[in-house]
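Chemist: The primary structure of each chain is shown beneath.
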Amino acid sequence: MTQRLVIIGAGMASGRVIEHLVEDAPDAFDITLFNAEPRGNYNRIMLSPVLSGEKTYADIVTHDDDFYARHNVTCRFGEHVIRIDPEMKVVEGQNGHVPYDKLVIATGSAPFIIPVPGKDLPGVITYRDLDDTNAMIDAAAKGGKAVVIGGGLLGLEAAAGLRERGMDVTVLHLMGHLMERQLDPAAGFLLKQDLERRGITVKTQASTKAILGETRAEAVLLESGEVLDADLVVMAVGIRPETRLATDAGLSVARGIEISAQMMTSDPDIFAVGECVEFDGQLFGLVAPLYDQAKVLAKSLMAEPAAFVPRELSTKLKVTGCDLFSAGDFAEGPNREDIVFRDPGRGVYKRLVIEDDRLVGAVFYGDTSDANWFMGLITSAEDISDSRDTLIFGPAFQGGAPVDPLAAVAALPDEAEICGCNGICKGQIVKAIEGGATDLGAVRAQTKASGSCGTCTGLVEQVLAVTLGDAFQMPAAQPMCGCTDLTHEDVRRLIKSQELKSMPAVWQAGAWKTPDGCHVCRPALNFYLIADWPLDYKDDPQSRFINERKHANIQKDGTFSVVPRMWGGITNPRELRAIADAAEKYNVPTVKVTGGQRIDLLGVKGEDLPAIWADLNKAGLVSGHAYSKGLRTVKTCVGTDHCRFGTQDSTGLGIKLEQALWGSWTPHKVKLAVSGCPRNCAEATCKDVGVICVDSGYQIGVGGAAGMDVKETERLADVPTEAEAIEITVAFVQLYRENAKYLDRPYKWLAKVGLDWVRARVVEDLSERKRLVEAFELSQSIYRKDPWAEHAKTKAERYQPLADLTKEAAE
Amino acid sequence: MSWLDLGALDDIPARGARKVKTAMGCVAVFRTADDAIFAIADRCPHKGGPLSEGIVHGHGVTCPLHNWVISLETGEAQGADSGRVPTYKARVEDGRVLLEMAAFQRAEVA
Numbered sequence: 001m002t003q004r005l006v007i008i009g010a011g012m013a014s015g016r017v018i019e020h021l022v023e024d025a026p027d028a029f030d031i032t033l034f035n036a037e038p039r040g041n042y043n044r045i046m047l048s049p050v051l052s053g054e055k056t057y058a059d060i061v062t063h064d065d066d067f068y069a070r071h072n073v074t075c076r077f078g079e080h081v082i083r084i085d086p087e088m089k090v091v092e093g094q095n096g097h098v099p100y101d102k103l104v105i106a107t108g109s110a111p112f113i114i115p116v117p118g119k120d121l122p123g124v125i126t127y128r129d130l131d132d133t134n135a136m137i138d139a140a141a142k143g144g145k146a147v148v149i150g151g152g153l154l155g156l157e158a159a160a161g162l163r164e165r166g167m168d169v170t171v172l173h174l175m176g177h178l179m180e181r182q183l184d185p186a187a188g189f190l191l192k193q194d195l196e197r198r199g200i201t202v203k204t205q206a207s208t209k210a211i212l213g214e215t216r217a218e219a220v221l222l223e224s225g226e227v228l229d230a231d232l233v234v235m236a237v238g239i240r241p242e243t244r245l246a247t248d249a250g251l252s253v254a255r256g257i258e259i260s261a262q263m264m265t266s267d268p269d270i271f272a273v274g275e276c277v278e279f280d281g282q283l284f285g286l287v288a289p290l291y292d293q294a295k296v297l298a299k300s301l302m303a304e305p306a307a308f309v310p311r312e313l314s315t316k317l318k319v320t321g322c323d324l325f326s327a328g329d330f331a332e333g334p335n336r337e338d339i340v341f342r343d344p345g346r347g348v349y350k351r352l353v354i355e356d357d358r359l360v361g362a363v364f365y366g367d368t369s370d371a372n373w374f375m376g377l378i379t380s381a382e383d384i385s386d387s388r389d390t391l392i393f394g395p396a397f398q399g400g401a402p403v404d405p406l407a408a409v410a411a412l413p414d415e416a417e418i419c420g421c422n423g424i425c426k427g428q429i430v431k432a433i434e435g436g437a438t439d440l441g442a443v444r445a446q447t448k449a450s451g452s453c454g455t456c457t458g459l460v461e462q463v464l465a466v467t468l469g470d471a472f473q474m475p476a477a478q479p480m481c482g483c484t485d486l487t488h489e490d491v492r493r494l495i496k497s498q499e500l501k502s503m504p505a506v507w508q509a510g511a512w513k514t515p516d517g518c519h520v521c522r523p524a525l526n527f528y529l530i531a532d533w534p535l536d537y538k539d540d541p542q543s544r545f546i547n548e549r550k551h552a553n554i555q556k557d558g559t560f561s562v563v564p565r566m567w568g569g570i571t572n573p574r575e576l577r578a579i580a581d582a583a584e585k586y587n588v589p590t591v592k593v594t595g596g597q598r599i600d601l602l603g604v605k606g607e608d609l610p611a612i613w614a615d616l617n618k619a620g621l622v623s624g625h626a627y628s629k630g631l632r633t634v635k636t637c638v639g640t641d642h643c644r645f646g647t648q649d650s651t652g653l654g655i656k657l658e659q660a661l662w663g664s665w666t667p668h669k670v671k672l673a674v675s676g677c678p679r680n681c682a683e684a685t686c687k688d689v690g691v692i693c694v695d696s697g698y699q700i701g702v703g704g705a706a707g708m709d710v711k712e713t714e715r716l717a718d719v720p721t722e723a724e725a726i727e728i729t730v731a732f733v734q735l736y737r738e739n740a741k742y743l744d745r746p747y748k749w750l751a752k753v754g755l756d757w758v759r760a761r762v763v764e765d766l767s768e769r770k771r772l773v774e775a776f777e778l779s780q781s782i783y784r785k786d787p788w789a790e791h792a793k794t795k796a797e798r799y800q801p802l803a804d805l806t807k808e809a810a811e
Numbered sequence: 001m002s003w004l005d006l007g008a009l010d011d012i013p014a015r016g017a018r019k020v021k022t023a024m025g026c027v028a029v030f031r032t033a034d035d036a037i038f039a040i041a042d043r044c045p046h047k048g049g050p051l052s053e054g055i056v057h058g059h060g061v062t063c064p065l066h067n068w069v070i071s072l073e074t075g076e077a078q079g080a081d082s083g084r085v086p087t088y089k090a091r092v093e094d095g096r097v098l099l100e101m102a103a104f105q106r107a108e109v110a
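Protein chains in written order, with UniProt numbering: chain B, 1 to 811; chain R, 1 to 110.
With the rest of the complex left out, here is chain B:
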């Protein structure tokens, strides 16, 4: 028997409900569809590409007139529903009553308008439906300035779209960073940078006080008193469930319309679905759970058993070129631990949040290719303790044993949704591939998958790879530089496994495209070869940056700075006198104490370098390597010698550490500090290695930073004796030398390999620790020498001009 089904609202959720019904029970229902908008179902999450001009309305229609006609859906578009009468089982529309047997409320949500003066002025619009989108497109056609209030998903998509259409756009966001519900501050910062690169001004902690203007919006006034001119103001601060009809009908409503797992409201003949509902205290604003709800609701209507289970949600931003992914719960908590990976050079940031050995949240920025794999780990809640070391590198790098990243994709069922924007499932993509679409472009053209926001591109490529096998070539990972397709990690592995001991051998084995590399790869290769083959490889000065080639720091005017080593920060009158004499003799314009407790002579002419070094050498001073990717300084406090709080001889330990490590080459500069007590006068907790002396011994922390990133050290070990503290420090530095990517400071490398992995090798495994110390000593036997003494004696002429023609030309 045909039942009368009335649906209020033609959004994405109700569109799915109708699809399920007409497919599975074509004759069971006589459907009437109300929609306040004068049109039927379309893909609302695709409004952003329409705004930016990448799509048209026609592209995002999901159900056209023909569809409704074919399935006998009575359309009442553009007609508002005035009220629902549950007693009489009637829906009252503007143009008359419709009786129902079953009713579905799918009224979605309404944009939240902040109650400031001027909010009703013409020129202030929200961002919710096609009419809003068209209003923005019209406004943008006149150019001028737009202010977008709200730095969440919608606001940023609106801002990017308006910018794309040529407006001068400012985003105002109340919170300290953008998209604070989905992103942590670090990812929010990268997003802000990306938007600013596109020419969008972003103001955070900006609270709107009023919208100014006589007859239309002209400016936005902030609480700070700042006034921003605006031809268009877009309010995109949030949405709230549209529940008026349900409330008036006496249904149970909290923040949203309360429903059971069968999508039933407090009235057994009335169901609700989508953004207007509340289930188990949760609201739903993303598309995936809405589709789940639609499936359950269709079953409930057909009197089949089904239950809605909220799933973990992920978010992507549909702004072309901003790769962003956030899933699960990434709030900080007492039982939670973070694994963070940063590569500022590539603008990549990844953060995993772990609780009780399970992945509970993930934030990715810049590289979201493995996002679905991590999403799977969050959903399955499986124990990740075994793969924790390498977890952050994703599926391709699990526990050292390569795991096939495609296995997960291969295992996906055909109905698994790959492209959320266009609702494209794996089965549709596979069908297109089998029909001849053998690359990403063709798949995109035929299925629309990955053609919108593009964040599922990696997944589509994996489907291609799984379906085509060897016929498909995956795009390679970020190479070292333009000279090769290999990554730094590949190159390090290649050098070790094939025992490559010269640069030409690496160029050959790594299929370099240039005759002799470039300024990016050559210094890295020179370091890798020195680190791995100290006895066999000969250092190549021509592959070093000028600072290391000339053992002084180049300054912006082409002069150099000279820093003598002061072991542990200790000096004496004789050394100070020698430094003062040298400064006078070579007309050093600036004498400065560095951040690492050494004295810097700035402004020395390149030709004078060998001579000033010879003078300093005479007083027993050697190069401080203040220019090197190597040990720079060991900062100290005075410790037990003078301080009433000092617990150990921190200065003495600093000197010993500096004497053990000086002259070594490392992937990046290395700075140490030793503090005599937890008051930490030497600031040891933000160094690559920092030792804090305590009554019971020495606390060794590693992986601190105080540069582009500020990071506190993490505790590597507590040891009772000075000898052990030195041994562990040396072993740590050697492990870093053997494994890190060139130009990764220890904290970046640690973020990749994990502190536990390092601790297992330098603290727990005594034989490995011994091996590391021996390998370091071996390298030191070749490379620890004072370059100043050497260059002043044997290479001094290289510092002079080849010829002086100033006189010749005058003749």
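The set of hints was computed from the structure by calculation and includes no laboratory data. In this text, all values refer to a predicted model and were calculated from it rather than measured experimentally. Worth double-checking, as some hints may not be accurate.
Stated by the list, open to error - Just the calculated beta-carbon pair ranges, DEER-fashion:
hint	chain 1	residue 1	chain 2	residue 2	range
1	B	587	R	94	20 to 28 Å
2	B	587	R	46	25 to 33 Å
3	R	84	B	436	44 to 52 Å
4	B	723	R	14	28 to 36 Å
5	R	84	B	288	54 to 62 Å
6	R	4	B	479	54 to 62 Å
7	B	142	R	89	56 to 64 Å
Here a beta-carbon is modelled for each residue, glycine too, at the ideal position from N, C-alpha and C.
Once you have looked at the hints, place chain R on chain B.
Modeler: Just chain R now, kept in the frame of chain B:
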């Protein structure tokens, strides 16, 4: 045409440079991996960095200050950067590095 003998080829390291002082400022004389010799003004068009101190690769040099890459053949900045460094004629004969003097002498006259 007058050529000035600057010194032996081996006075310049392969993939390296030496500078030559002239009345018009310093000239950087480069020796590339294939033993070709190039002379260009020792000033990066960007911020005046000393090109003679840069890393030499192929027939190009990377400025040590901000990594602009300059073609030794044309003096043109490569990639997205734009700018040009004056170039001079130089060659190797019997293991000696020779620089053509005309450019410097003309400048002196003017």
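Chemist: Could you run down the list of hints and mark each one as holding or not?
Modeler: Evaluation of the provided hints:
In this structure the supplied range 20 to 28 Å is violated for residue 587 of chain B paired with residue 94 of chain R, their Cβ-Cβ distance being about 41 Å. A hinted range of 25 to 33 Å holds for the C-beta pair residue 587 of chain B and residue 46 of chain R, which are about 28 Å apart. A hinted range of 44 to 52 Å for the beta carbons of residue 84 of chain R and residue 436 of chain B is consistent with their spacing of about 50 Å. About 46 Å separates the C-beta atoms of residue 723 of chain B and residue 14 of chain R, a value inconsistent with the hinted range of 28 to 36 Å.
Range check, residue 84 of chain R to residue 288 of chain B: Cβ separation about 55 Å, and the 54 to 62 Å hint holds. A hinted range of 54 to 62 Å is violated for the C-beta pair residue 4 of chain R and residue 479 of chain B, which are about 44 Å apart. Taken as a hint, the range 56 to 64 Å holds for the pair residue 142 of chain B and residue 89 of chain R, whose Cβ atoms sit roughly 58 Å apart.
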